[in-house]
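J.: Next come the chains, spelled out residue by residue.
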Amino acid sequence: MNKQYQDLINSVSFKSKDVPLSIYSKVMETIETKEQRPTPFDLILSLFQPRRLTFAFAVLFVGIFSSSLLIDKHIPSSKDEYLSQFYFSDVPEYMISFSNQL
Amino acid sequence: MEHSSEFIELFKKGDHKAFEHIYDTTKKLTYNVIYKMTMDIEESNDIMHDVYVKIYENKHKYQQIVDLKYWIYRIAVNHTLNVLKKRSIFNKQRSSIGFFYTKQINNQKNDYEEGPIMALLLKIKPKYKLPIILKDIENLSYEEISKVLKINIGTVRSRLNRGRKQLLESYQKEVANE
Numbered sequence: 001m002n003k004q005y006q007d008l009i010n011s012v013s014f015k016s017k018d019v020p021l022s023i024y025s026k027v028m029e030t031i032e033t034k035e036q037r038p039t040p041f042d043l044i045l046s047l048f049q050p051r052r053l054t055f056a057f058a059v060l061f062v063g064i065f066s067s068s069l070l071i072d073k074h075i076p077s078s079k080d081e082y083l084s085q086f087y088f089s090d091v092p093e094y095m096i097s098f099s100n101q102l
Numbered sequence: 001m002e003h004s005s006e007f008i009e010l011f012k013k014g015d016h017k018a019f020e021h022i023y024d025t026t027k028k029l030t031y032n033v034i035y036k037m038t039m040d041i042e043e044s045n046d047i048m049h050d051v052y053v054k055i056y057e058n059k060h061k062y063q064q065i066v067d068l069k070y071w072i073y074r075i076a077v078n079h080t081l082n083v084l085k086k087r088s089i090f091n092k093q094r095s096s097i098g099f100f101y102t103k104q105i106n107n108q109k110n111d112y113e114e115g116p117i118m119a120l121l122l123k124i125k126p127k128y129k130l131p132i133i134l135k136d137i138e139n140l141s142y143e144e145i146s147k148v149l150k151i152n153i154g155t156v157r158s159r160l161n162r163g164r165k166q167l168l169e170s171y172q173k174e175v176a177n178e
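Chains as they are written, first to last, in our numbering: chain X, 1 to 102; chain A, 1 to 178.
Hints were generated in silico from the structure; no laboratory data involved. Hints may be right or wrong, so weigh each one.
[Claimed, not checked] No more than 30 Å apart at the CA atoms, straight line, and that leaves these computed lysine-lysine pairs for DSBU-like: (1) A:Lys173 x X:Lys15; (2) A:Lys27 x X:Lys15; (3) A:Lys54 x X:Lys3; (4) A:Lys125 x A:Lys135; (5) A:Lys173 x X:Lys34; (6) A:Lys59 x A:Lys129; (7) A:Lys17 x A:Lys150; (8) X:Lys17 x A:Lys17; (9) X:Lys34 x A:Lys54; (10) A:Lys59 x X:Lys17; (11) A:Lys129 x A:Lys86; (12) A:Lys150 x A:Lys12; (13) A:Lys135 x X:Lys3; (14) A:Lys54 x A:Lys85; (15) X:Lys15 x A:Lys12; (16) X:Lys34 x A:Lys69; (17) X:Lys17 x A:Lys135; (18) X:Lys26 x A:Lys85; (19) A:Lys28 x A:Lys150.
For reference, chain A alone in the conformation it holds in the complex:
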């Protein structure tokens, strides 16, 4: 959805109604991408809060070169990557992969309905994981992914292929081990 110039100006001036509208139209994808990157609800809630505060504080920096929603998703993705890097959650998650599997096998109710796939995704580097989340899970087009990640479509395709290959290989290894 394209926003009009008047609307963008209102948002840049700090109009709370305009900000609320932007939040409502972008929150779902933003939250789901953050969640699928962190696989932690509490962490996702904190990141989501910080992302939208950051968006509001940096509203004057937005330039209408790219659509507002892609600018927002980019902030969300970059902020999530920074948080993950800072808190070294990657290591924590890697060590808890076994835990995901145990939960899935025991058929216990948990937050990770997509269990094995998401657990395997955590093993993949963020730059390969992100295109998979955006394309195969959130159904964004190549063009949209290139706008969010600020890379060209060719790079999106190659990263996606590499990510898919890694995911499939990890899955096959897990199946062979069972």
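One chain only, chain X, in its complex shape:
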């Protein structure tokens, strides 16, 4: 078996492939890009920079202020006005008369 195998292997001249030159530059490009990319820790740390922190607080303040404006602040002046909020204005007339009969 060994002799036959050796003959088989010797009958072929295995050619060594040349490594494409572009591979190394691509490897270094990838490595450098990864090295420059900030880590999650860097991103969190960057949030605490004074300018960004001021901006974040400004956004928060404007958000709270504008949302408070949107809230209906009307306070009822009397008990009737307060209770009138809970009446259904579109209740059919016959139902009101029916309830009065009861």
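Guided by the hints, dock chain A onto chain X, whose structure is given.
T.: Relative to the frame of chain X, chain A by itself:
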């Protein structure tokens, strides 16, 4: 080639010059083993790129128990096996064996100069194929193969014998069929 401790420290610290030197001294064997396992130039280029990026990213994990080049070849072999497994190239290659033969018979210029033998090698399981590539094609010693594959020399020998036997049998079958 053994690397000095100072050089290893430089490499571990991410020195680009040290990495370039390591790339230059190991690229040829790494690339040829990858190519002979995949038989696809584009695939080999992609794997080669990923292997060296992986080596750089894992540089701190290297321990000087084994020589740096064997550590690199081991990463290359394992990564190639993983890629082949994931992309199920084995099946694709098996179905294209006929294609290799047709090309060889027609004497067309192609990337597979070693045509029939390499086509037959694709039929063999990676664990038997790898020792053949490393020993009979890349001329590594049994000891070196055992370091690359992280198996003992006895296992290298038995896998090599089994691989050779399978390769010869496949060849004889092909010859009988022609």
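J.: Checking against the hints above, which ones are violated?
T.: The structure conflicts with hints 3, 5, 15, although it agrees with all the remaining ones.
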